[in-house]
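If you want the building blocks of each chain, they are given just below.
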Amino acid sequence: MTSLNDVYGWGLWAIIVGMAAVTYLNRAFLLLLAGRFMLPPAWQAALKYAPASALAAIVVPDLLAPSGALDLTLGNVRLLAGLAGVAITVASRSTFAGIVGGMLALHAMLLLQ
Amino acid sequence: MSAAAKGFDTPRQAYLAGVGAVLPFVAGTIPFGLVTGIATKAAGLTPLEAAAMTVIVFAGTAQIAALPLMVAGVPGAVIILTAFIINLRFVIYSAAAAPYFRDLPMRWRLLLGYFVTDTGFALFIRRVADQPDLPHRHWFFLGAGNMVAVVWIASAVIGTLAGAQVPKAWQLEFAATLGILALLVPFVRGRAEFAAATTAACVALLAAPLPMKLGLVCGAVAGIAAGAWSERMLARIPA
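In the order they appear, the protein sequences are chains D and W.
So for the first sequence, my numbering puts the first residue at 1; every next one is plus one.
So for the second sequence, my numbering puts the first residue at 1; every next one is plus one.
Since the hints were derived computationally from the structure, they do not count as laboratory data.
Here a beta-carbon is modelled for each residue, glycine too, at the ideal position from N, C-alpha and C.
Do not take every clue at face value.
Stated by the list, open to error - Label pairs and their in silico Cβ distance ranges:
id : chain 1 : residue 1 : chain 2 : residue 2 : range
1  : W       : R12       : D       : M38       : 29 to 35 Å
2  : D       : A97       : W       : L206      : 53 to 59 Å
3  : D       : L72       : W       : P209      : 38 to 44 Å
4  : D       : L39       : W       : Y114      : 30 to 36 Å
5  : D       : S92       : W       : A169      : 37 to 43 Å
6  : D       : L110      : W       : P238      : 23 to 29 Å
7  : D       : L112      : W       : N146      : 46 to 52 Å
8  : W       : L48       : D       : A21       : 15 to 21 Å
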């Protein structure tokens, strides 16, 4: 089985520790200031959109252009499986059902190919 | 809630109330923890790396978002920056919680910082909204945070161990991508959220040729700006 350690080596630990550090800072730094600094309301309003923006920026290019070029053909099974997963999540209101359904759709299409 | 509205007599009572408040949400956390653990193993992290990530990062959305980036060999600095952007929502939570903890000693605030979570924060704010001077409220926050942490870490570690038994052909690393999509669904109900996500996606797609996967960062920043701008514009439209 290929390991990410072939790609990143010890850098993988640096990534994990770095993710932990920025996450802790986001969580804690206003608590550590103990209310001596208030976030401007306009900033608070804008920060609401950070998770959806980052998630969409990760996943959409990954599905629509898996190898750099736009691939909107039926051969792009991961895109189709992703769409199935979204449809199932919306219909069932369950994250878990969407993930399981998307995986099943992926393998059904791989079998049919 | 009439009994609870009286507040807590002891730290222990407050702590246990925090633990108990999380219980109804456990059923939603466990499957997501399992999927995250399985996908982390499938992406190629060792069980030790996967467990360390779950314990010290302790943020499911950022963890699952990092996986496709790691598989694609994206530079570490961009992965860390992405985790930072996704977890900016915690800044909003701690801004709202900070006034309730301003009189606590620093060691308490250092400790509570780790336990700022989506579920724990929402439960705490709901509780203190009824009673802003709730006694022992930091113990309630700690109890809720500990319960979220125990459930999240246990289910992710179990998922990692189970993932080690799964053949590579199952392509379970794709579960991370499906998880990101499923997380996006509730985020994009509102019009401003929808504008943020679609702008982020389009900009990331157009900027994809940029080196070091910086198109992802451009997309995220553009999305935040589009969301904030849309919110202002929508507020001007009379209902």
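Status of the hints after comparison with the structure:
no., hint, verdict
1, W:R12 with D:M38: 29 to 35 Å, "33 Å, holds"
2, D:A97 with W:L206: 53 to 59 Å, "33 Å, violated"
3, D:L72 with W:P209: 38 to 44 Å, "18 Å, violated"
4, D:L39 with W:Y114: 30 to 36 Å, "20 Å, violated"
5, D:S92 with W:A169: 37 to 43 Å, "27 Å, violated"
6, D:L110 with W:P238: 23 to 29 Å, "51 Å, violated"
7, D:L112 with W:N146: 46 to 52 Å, "47 Å, holds"
8, W:L48 with D:A21: 15 to 21 Å, "19 Å, holds"
Hint violations for this structure: numbers 2, 3, 4, 5, 6, all remaining hints satisfied.
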